[in-house]
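Sequences and hints are given; from them, build the entire structure.
Number of protein chains: 4
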Amino acid sequence: MTKIKVGIVGYGTIGKRIADAVRLQNDMELVGVTARSYNYRMISADLKKIPMYEWPEADDLNGLKMTGTFDDLLKNVDIIVDCSPKKGGAENKEKYYVPNKVKAIFQGGEKPNVGEVSFVAQCNYDDAVGRDYVRVVSCNTTGLCRTLNSIKSKYGIEAVHATMIRRGADPWDIRHGPINAVVPVLELPSHHGPDVQTVLKDMPIFTTALSVSSTLMHMHTVTVDCKEKPDVDEVLKLFGKTTRVRVVDNASMVRSTAEIMEFAIDSGRNRSDMPEIVVWKEAVGTTGHKLLYMQAIHQESDVVCENIDAIRAMTGFKDGKKSIEMTNKALDIV
Amino acid sequence: MTKIKVGIVGYGTIGKRIADAVRLQNDMELVGVTARSYNYRMISADLKKIPMYEWPEADDLNGLKMTGTFDDLLKNVDIIVDCSPKKGGAENKEKYYVPNKVKAIFQGGEKPNVGEVSFVAQCNYDDAVGRDYVRVVSCNTTGLCRTLNSIKSKYGIEAVHATMIRRGADPWDIRHGPINAVVPVLELPSHHGPDVQTVLKDMPIFTTALSVSSTLMHMHTVTVDCKEKPDVDEVLKLFGKTTRVRVVDNASMVRSTAEIMEFAIDSGRNRSDMPEIVVWKEAVGTTGHKLLYMQAIHQESDVVCENIDAIRAMTGFKDGKKSIEMTNKALDIV
Amino acid sequence: MTKIKVGIVGYGTIGKRIADAVRLQNDMELVGVTARSYNYRMISADLKKIPMYEWPEADDLNGLKMTGTFDDLLKNVDIIVDCSPKKGGAENKEKYYVPNKVKAIFQGGEKPNVGEVSFVAQCNYDDAVGRDYVRVVSCNTTGLCRTLNSIKSKYGIEAVHATMIRRGADPWDIRHGPINAVVPVLELPSHHGPDVQTVLKDMPIFTTALSVSSTLMHMHTVTVDCKEKPDVDEVLKLFGKTTRVRVVDNASMVRSTAEIMEFAIDSGRNRSDMPEIVVWKEAVGTTGHKLLYMQAIHQESDVVCENIDAIRAMTGFKDGKKSIEMTNKALDIV
Amino acid sequence: MTKIKVGIVGYGTIGKRIADAVRLQNDMELVGVTARSYNYRMISADLKKIPMYEWPEADDLNGLKMTGTFDDLLKNVDIIVDCSPKKGGAENKEKYYVPNKVKAIFQGGEKPNVGEVSFVAQCNYDDAVGRDYVRVVSCNTTGLCRTLNSIKSKYGIEAVHATMIRRGADPWDIRHGPINAVVPVLELPSHHGPDVQTVLKDMPIFTTALSVSSTLMHMHTVTVDCKEKPDVDEVLKLFGKTTRVRVVDNASMVRSTAEIMEFAIDSGRNRSDMPEIVVWKEAVGTTGHKLLYMQAIHQESDVVCENIDAIRAMTGFKDGKKSIEMTNKALDIV
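Protein chains in written order, with the working numbering: chain L, 1 to 334; chain W, 1001 to 1334; chain R, 2001 to 2334; chain D, 3001 to 3334.
Hints listed in this document are in silico derivations from the structure and should not be mistaken for laboratory results.
Hints may be right or wrong, so weigh each one.
Derived BS3-like pairs: lysine-lysine, alpha-carbon spacing no greater than 30 Å straight-line [said to hold, decoys possible]:
# : chain 1 : residue 1 : chain 2 : residue 2
1 : L       : 48        : D       : 3048
2 : R       : 2281      : D       : 3065
3 : D       : 3075      : D       : 3065
Below, the structure written as structure tokens:
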């Protein structure tokens, strides 16, 4: 079998994880990643013997050995996964991917129109099959889509109101706060609602958001007005069998985002990640036709498997269910 | 005019603030506060020349000068404001207040049945007039009651769903976390909903809660299904004229709980408190008959004025509106 | 008596406090403060009826009433206290103060050469008498100078090694981190040591620094190689009688920076500040000729009284001891 | 070769890591771990097929499959590594290990006299050879011993003064604070100095300590009065070749404890741990005979390799250098 040749632009929080994930797929080959500056991430890539290609405007790379230039990378791949910081993807698309006729995946920091499709594998895999440009939505949007798509299929949805309690900064990010405050997004609705609608077209969702002093995970509190009356046990079963969603409970002492991350460490997962959306058994409730639940999102990892599925879809693999299975198996995802 | 003689049991976060507030009322006299152990709070009370009465099971008071014993205090007051830690109030009621026939106010950490009435002045002042035992509800419940009571009067309420993002510990409390986590309350509904119903009897409210790594304020995100269609500008006007509620905006750079507290400091308020419930102009929105808003609650101070009004009501002052005006003026509350 | 006419440039963390302090001095008059943009700080100034003068490049002031322009302010003052953000003071000096022949005080964020003297009142008041440009050193430097000057006078000093554990951001600052990290200053010595030497010329001091996730106070651990053998009780007495230094102890439950700030709130101080350097009784120790102690510095307020004394010195008041007494009395400083 | 049969009591932060480490040694066999209550840690052990033995006073284990009782475990091992919470080790020694004549290793939370020797492999491996009871010292003490032992061997040491800036709680621990404070240990010296002396007998060390709002690592600032004049480059070389010590630098963007932990994640280490003591190149300095440096300690993992070496020493493996090499290789330690 010829493997899909993948190149990664941007070796940061998401890029480095997708690099690992590509290397774990039987049907993919990681051609290489771009190097833009010298830092511990690149040193780690070097230790893992990941080929590096010099970015056009790279800083001093301090002697890191390059396999080639970015042009070389573009020539040797079937698809690029662009993990540039916000707006970088759209710039690279015009400057590099369109002129060189290279397929590309973008991340959720880009505007929706960067891609032909905004993508969450278990919601709209088919839409991405054969496409040239696809946008994997943000971690928060991915998390909302996974559980809402499942609820909709079972009960129908009249309306959704969700609050995102966002981690203030990633674990490695020492510059951003808040240190001791809760910071509301002073805009209603927050951008998350409209972003969900780029995947689940007609989802009637309204979101609010705020940031807190934590680095670990986002937390969502979700209220769904269902068309049919939901039942707690049934919903728990539904989530239990929804791929990339995991139900935890108080009995196992997973009582917080910190303990979710510790459970991921204990489970021996790559980079101690928790790519599944985590729902608490005790935090699912109903009142009439309303369903309420809380879910936690590991902002660094939940979109990684989405990128892997997008690679397959865009390069012609038509069976979404099968792709998800392959990805999950390779990445040890429930 | 004979002043109402007030004694305070428990000189902690709430007790010390009520002591200050009583001293600022023209119609009240602070007879004294109880001393249970030696610490910087008692040293400060001493500096302010607040009379101290020795608690029956006091620790070594390290030479602090006592005006008398707790028995002396009980004999010299018209009413006690009990600010004991959770459950201490109920114990003191049976042990001291009932046998000595002393009126007493309890705080929201006690169960509702400790009082004949659960109290928020602008919602149910009249119910407390002449009572012997009244419970001022918790900071979160007080905050919900103030705004919901106002919304209900204007639009009617079908249902309320609220999420409390709670500060993990008070500013002075170095023992409690979380340091880096979001901790959901694994119980639906959280106790806040039922507690609101002790004041606003038929309010159809459902609440969820979680704790974050901040010491400053609680934050609520509230969704109200109104009977009549709400309008954002109208709601802002409504909140603007609701007592003990304050509207802030992004234009004045009050973008977080931290900046609310700084605004309180800049305003020169006693103890740098913000007793009003704070709503953000930009975080009020509607979708159909649904009204959404975010509010911040200063957990250390919003109930202080409620205790003052409860003192008046219980000792026979019948005009609730007038009491609120007197309290607000003395405490510089909007 | 003619009062000293004071203008303040920059109404931020330090400027607003100096404005308050000037208004509390019998021999000073606050002519006004500059307004550069609309925010809650200016709203508070307006509420306090502090005259505002429009800064040359001001943003939209949203209807705040101005008493005049910055030029008007310059013409009506004996001295300006410049509290601009870092480097702004030096720019203003060349652009406004030198051409208009106005005396000016600068803050510790400026380079030492902005002033003729770097200033800590109890260390070198005399050097500032009659000067045109004086720099009040930073909060950390001020804290080190106060205690080291006292130790030097009693025991002589061979060498000082100090570590500054710095608060990551001010309480109102929601943008800066770290949220969950300790961040060392990767430079030895940190700039604090040389800065102490701008006041205590021959102090042999070496400093290291790091930032932590707290907003409240800086903490210093200090090791002093004394010329004469120090004694713990004697040192505590020495600190006890050193102005603007305060000794606290574990017995009074002041066990952390958080409890120091709560003690300041309880003490009813303006803005809940703690302008004294705080030393823990239990954290003073000796080993041979070495003296060790920990001290906490309230970064927002310790330099305020220094600015007041600098105003007096520069406008011709020669008695430093008397000035410190006047300032302390007006500001309720120990 | 007969493998050393190891049992682990207490499957918490340290115990679970030692279990992993034992399983990676060619000369050891993990007989099993004790189960005391049901939680995500035990679920993870189950997923890893680690045999579990029921602790005498176990809570409801919720159906976890036990291989046997604690008695069975005791009968089948050559040595127990006791990772009980503080003081539990000493109790278990008297109750179980002495009566059953089982060798046992204890952790640093126990008092020194629980063991015949307090142990850091690269400092005093030989002392533990053939012993029945050994105490591996705490994470902080281990960190100090590793670097100080190396400095002493090269320059000799007159005196050491160190400040421990401790993480307030482990990453999974949501109960402990502080959320927003710096908390000094109000005791001089802190217990760390005397604890170092249980390993490096005559080390003249004096320590102070404080806690901060971080979960990631402890940070030490160390000042060493050397007998011979130290040189920065030479010290960096020395640390570079000292086992279980790692030098990082600003150039590679490892500027904080957060970035150290991210580097560990990127390096693909088990549980994303950093068992080496980390020294910053830019934070090593000298002034005369004084050497200053900062080091970071990963509290959850640095003692794991020490326990492995202690197992070998106590069961008769005499070559300390060889044991350290074996351990390092198996655990991918520098």
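The hints, checked one at a time:
{"no.": "1", "hint": "L:48 to D:3048", "result": "holds (25 Å)"}
{"no.": "2", "hint": "R:2281 to D:3065", "result": "violated (54 Å)"}
{"no.": "3", "hint": "D:3075 to D:3065", "result": "holds (19 Å)"}
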